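My request is simple: use the sequences and hints to build the entire structure.
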Amino acid sequence: MSVTHADSTYDTAHPTTEGTELGTPATETAPNTAAPGRGVEHVVGRVSEIPPGEGRAFVAGGTQIAVFRLRDGSLHATQAACPHAGGPLADGQTDLNVLVCPLHLYAYKWSDGASTNGAPPIRLFPVREVDGALLVEV
Amino acid sequence: MTAILGGRPQGLTVLHMDDELDTRGRVVVVGNGMAGARFVEELLERGGGEQFRITVFGDEPHGNYNRIMLSPVLAGEEHEDDIVLNSHDWYADNGVHLRAGVRVERIDTAAKVVYSGDGTATPYDHLVLATGSYSFIPPMKGVRADDGGLLPGVYGFRTIDETRAMLAATGSCTRAVVMGGGLLGLEAARALHGHGLHVELVHAAPYLMNAQLDPEAGAILKKSVESLGITVHLDVFASEVIGDDRVRGVLLADGRQIEADLLVVAAGVRPHTDVAVRSGLEVERAIIVDDQLRTDDPDIYAIGECAQHRGEVYGLVAPAWEHAKVLADVLTGTDPDAEYHGSRTATKLKVAGVDVAVMGINTPERDDDEFLVISEPKRGVHLSVVIRDDKLVGATLLGDTRKVAFLTQAFDRGAPLPEERIRLLVDLSDGAEEVGVAEMPADSQVCNCNGVSKGDLCGAVADGCTSVGAVMDRTRAGKGCGSCKSLVKQIVEWAADGDVTEDESASWYVPGIPMAKPQLMTAIREQDLRSVSAVFAALAPGGQEDAKSKMGLTSLLRMVWGSDYEQENDAKFINDRVHGNIQRDGTFSVVPQMKGGVTTPAQLRKIADVAEKYEVPMVKVTGGQRIDLLGVRKEDLPAMWDDLGMPSGYAYGKSFRTVKTCVGSDFCRFGLGDSTQLGIDLETRFQGIESPAKMKLAVVGCPRNCAEAYVKDVGVVAVGNGKWEVYVGGAAGATIRKGDLLATVDSPEAVITLAGRFMQYYRENANWLERTYDFVPRIGLETIKAVLLEDSEGIVADLDEGMQRSIDAYVDPWGQDGKQPATPGQFRPALPLIPLPKVPVR
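Chains as they are written, first to last, in our numbering: chain A, 1 to 138; chain B, 1 to 842.
These aren't lab readings, by the way, just hints derived from the structure by calculation. Mixed in with the good hints, there may be bad ones.
[To be verified] Computed cross-link-like contacts, SDA-like style, restricted to lysine to any residue with a CA-CA straight-line distance of at most 25 Å:
#1 B:K548 - A:D112
#2 B:K485 - A:D112
#3 A:K109 - B:D463
#4 B:K350 - B:E284
#5 B:K838 - A:V59
Note that the structure is a prediction, hence the values are computed from the model and not measured.
Here is the structure:
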């Protein structure tokens, strides 16, 4: 997906207002976006809502997800609850390789969601930024 | 009887390449026992099969078998097929030419050829002698038949053929005499006794296993052996074997006669050196080798029991295997400079049903050697250790080998010893019976926090984890409260059979920065690194940040820089981001400060109102004499703090937590000092100070210890006449430890000063998450006393200054973040679709 193309699309289609409703499907505002993949893209919030290195939880199309902005600026979205014991992943700690759940310190790789210490894998969701807005495909 | 152990089915042959066409060097190994065969394995492992044509001569017709296991075979506990290590097929499959049943007679060192009993000559480029030992048959009248062989019914105990012959004889014999009360003799006696024979053991020394044990331990072993029903004769030798055609009995030197139809001679072994002697090599007790196992002929090497290195001849398998490794390194060029520098021999075995572990020396040799003995003859237990210059130089464990893992490690690596030496032999930490790691069932849980069993740990080792850290990462054992770490270490070392690689990272403060704490602190100061991301950028390999290192670094930076530290919330654990302790459902606990456990009706009223207003599911009095509001939603935290109007009690951080007190002299009729006020003063001064792990304190007004000061990180006890005792390093959590008395001081002010110095010393020197109960024994109480009381390092003023800097930087986090969030969405729900709390309201 070309970034410039997406930018131009969202420039007009998406009002970068603060009051964007959680879970507003991005498809409604941008019908002809380049291929969103299998799922549906949702605008969940603003990148500025996530401090560097931290995660925040959002709801995208009725699914709660955790979105992280790493120290290198990259964005990642995962399921919100840890598969091990339901811990709040958005409260976890990160580096460029893994996310660590705060409850029992299970770590998950950003690359494929697999645990480095024996827990079941977590689900990853495509996420991108367009003009400061967070778009998550669920 | 003639079956070949590990033999090949008949009709199979092996084709060999024409010698003339093969350009590989020729390695000839003489001896196919534990040492020779292991050497061939080590050679192949290093690609030696490509480099060399390997020929192995074995005196016995068999493949390679585990000689150590002959005792269980004799006892009928193991089948001989199960002790085969390398079958004839293995040699063929690996292109090794095995000449089993062929004895080497002589070496022509000039022509570099070995001549064997079958009349053949085999040229070599490198010759390895691994001829082992033979059973020593002491000179006794009548022990040999006319043909020079042993009289029928007399056996050595060295080979599978001898073992088979004895096993066959157990069917027809009824009375056995075993000569020799060493390891082998005792094993033979037990095995024969198990087959229903009447067994008498004759030992020339005054006590059993005299090579390994001291007289007292030997005496206790004798009792254990006799309790099996074996008669033991000490301090006497057999002078004559009675019987012309076969054994009928033995005559002892003191004139007694013992009837027997089976005689086992286990009176020691002698290195097989006749080939070496005949070939002109230098031989003393055994074949003399240098640090590369080379004899005085540059192309001839000797390994195992037939080698004498720096005056030592070893009779154990471990040194032989070390020889094999070094020589394989040298010959293959894997490490041409590899050297062998001798072995520290430690053995653990079961003799006659009794556990024995022996390492190093068994009695003190110098005036200032420490010697600790625990002797329980009734229970058949005798334990002793010899310590020299704070290092373990010897240990003997008889009848109880539970501490062998720790002792072996201390012996092999010179690990630090507990100051209370008795802890080397006895576990005083709790009343529960500790089971040796070898005896633990595989499903027994080791790490209770993460539910990791011994079997899981062994599995990780089997899967290739070679260090304790790797096993912990894989299984997450020891990653909870950490109290099982030493047991995890013991099990990993046991499972890896001692072959554990040292965790380089074990000395690092945090896993992501390859530096010990002092170097890290120096670098942080010198390079003026004030944020966690700056530390990663400057000091981490490749500038890579590491999630699991962030929390420890945040703590360290706050200590080093005080208020000049640059805050980064992502570098904090969630507890420190929102100043509450995360609970299992993602809610938090709120514990207001209640200095010294003293509260007021107004405070209680406020807490009650807040609990009702926010529908707190549980209100509970904590172990630290405070009130805990549990199950609070993250988004409610700032409002609750505001309503409470009380500072944080820091019940969530790796920090100074609380000071428990008793009611002291104001009310208690026994109180000797105002413990309540001192507790409040301590908490006022040190509130919220971050530290490597939590610090829990207590002050009691008399030694009745109602607030449990003896088991706190810092515990203070009033002892009368205005005096206060300060204890450090106590614990009553997963580990229970009474604190060590640091000093007795004259005033509450002196208590506060000393407690501050100790805590700062701990903050600056402890590893991340290392509690004081590990820190104090690690550093040593004497060292800590010298540093803090006598200023032996001249750092006391710095400690005071460092602590003051942290005290000055203290800000109540609730007062701060409650009003102005530190980051956007600091208190947003992390599970927006799950109604919290999920815990039941009580």
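Worksheet entry | List of violated hint numbers, smallest to largest | 2 and 4
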